[in-house]
Amino acid sequence: MKNLTFVILYILLSGVQTTFGQNETDIIVGSKFVIKSNILDEERTCLISLPDSYNNSSEVDKKYPVIILLDGYTHFKTASGIVHFMSSNRNRNNLMPESIIIAIENVDRERDFTVTKIKTKRPNNMGGGRNFLNFIEKELIPYIDKKYKTEAFRTLVGHSLGGLLTLNSYMDENSVFNAYISIDPSIWWNEEMMKNKVDSISSISLDKKLYIATANQGEANYERNKQRHDSLYTLITKKSDKPLNIEIEYFEKENHRSVPLVALYEGLKYINQEE
241 MKNLTFVILY ILLSGVQTTF GQNETDIIVG SKFVIKSNIL DEERTCLISL PDSYNNSSEV
301 DKKYPVIILL DGYTHFKTAS GIVHFMSSNR NRNNLMPESI IIAIENVDRE RDFTVTKIKT
361 KRPNNMGGGR NFLNFIEKEL IPYIDKKYKT EAFRTLVGHS LGGLLTLNSY MDENSVFNAY
421 ISIDPSIWWN EEMMKNKVDS ISSISLDKKL YIATANQGEA NYERNKQRHD SLYTLITKKS
481 DKPLNIEIEY FEKENHRSVP LVALYEGLKY INQEE
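Heads up: the sequence shown runs through residues 241 to 515, numbered per our numbering.
Think of the hints as simulated: they come from the structure by calculation, not from any bench.
Hints should not be assumed to be uniformly reliable.
Stated by the list, open to error - Between beta-carbon pairs, the in silico distance windows are:
| id | residue 1 | residue 2 | range |
| --- | --- | --- | --- |
| 1 | N334 | N485 | 19 to 25 Å |
| 2 | N331 | R497 | 24 to 30 Å |
| 3 | E459 | N374 | 38 to 44 Å |
As the list claims (entries may be wrong) - DSS-like mimics (lysine-lysine), calculated; alpha carbons at most 30 Å apart, straight line:
| id | residue 1 | residue 2 |
| --- | --- | --- |
| 4 | K448 | K493 |
| 5 | K435 | K272 |
| 6 | K378 | K509 |
| 7 | K387 | K357 |
| 8 | K435 | K448 |
| 9 | K437 | K389 |
| 10 | K378 | K317 |
| 11 | K389 | K303 |
| 12 | K437 | K482 |
| 13 | K437 | K448 |
| 14 | K479 | K466 |
| 15 | K361 | K437 |
| 16 | K357 | K448 |
| 17 | K435 | K389 |
| 18 | K272 | K387 |
| 19 | K435 | K509 |
| 20 | K478 | K435 |
Here a beta-carbon is modelled for each residue, glycine too, at the ideal position from N, C-alpha and C.
Turn these sequences into a full structure, and let the hints guide you.
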């Protein structure tokens, strides 16, 4: 918890503007770009955070792993502060390598983060998750790889419905990601589909790292949330006799809204720990 306190303070400081005498200095957390997607037939806005050493003349040949962050506008500053705290040479934590963060802003969460439809009284645009993953894998990542100094290690991070999409990506043997952080995923969306996907999961997926964070949604939602997460974890671990790169963690003192902060920190620490 001591480390987490420092993380929170670091995040709060990373987004402020400081004034010294008559001189104002902006602390730049990141920048924004727009990419036209032919797959989605729309423009998508992304936020990007580059490491401290990215433009150093002594580091011209250095390449960086990439973190793709869903619900980008909501979690960008939080994730940027955490990654900087864990990787910056200034504080020598060395908990993870310096990384490029790409945070995708939302257009339609239900469309983009779900791979199936569920019946609702109102008209819905659900079930576009596979298209959205195609956009990330076939358009966004190639764009990032061409424009920035990236290495081929990629992490996908999602919360809630974004966590559900992250799990769907993990279970896809053709996924281009190497690691996944699924924060309080909405498994309730289509629980039977998730079980069927586990039944057919490949060894390629099982060899990758997956971190699942579970929040305390109260006694009334215990079965809907924690037990479902635990059940999914058990089903995945039963698919192989060898130890798997999967971790699940329950945060009893955090709810669905507060858990991303601590889960990002713990999840990044897990997927970057030495074997």
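Consistency of the hints with the structure:
no.	hint	verdict
1	N334 - N485: 19 to 25 Å	20 Å, holds
2	N331 - R497: 24 to 30 Å	28 Å, holds
3	E459 - N374: 38 to 44 Å	40 Å, holds
4	K448 - K493	29 Å, holds
5	K435 - K272	38 Å, violated
6	K378 - K509	28 Å, holds
7	K387 - K357	36 Å, violated
8	K435 - K448	19 Å, holds
9	K437 - K389	34 Å, violated
10	K378 - K317	26 Å, holds
11	K389 - K303	5 Å, holds
12	K437 - K482	20 Å, holds
13	K437 - K448	16 Å, holds
14	K479 - K466	21 Å, holds
15	K361 - K437	27 Å, holds
16	K357 - K448	28 Å, holds
17	K435 - K389	38 Å, violated
18	K272 - K387	14 Å, holds
19	K435 - K509	28 Å, holds
20	K478 - K435	12 Å, holds
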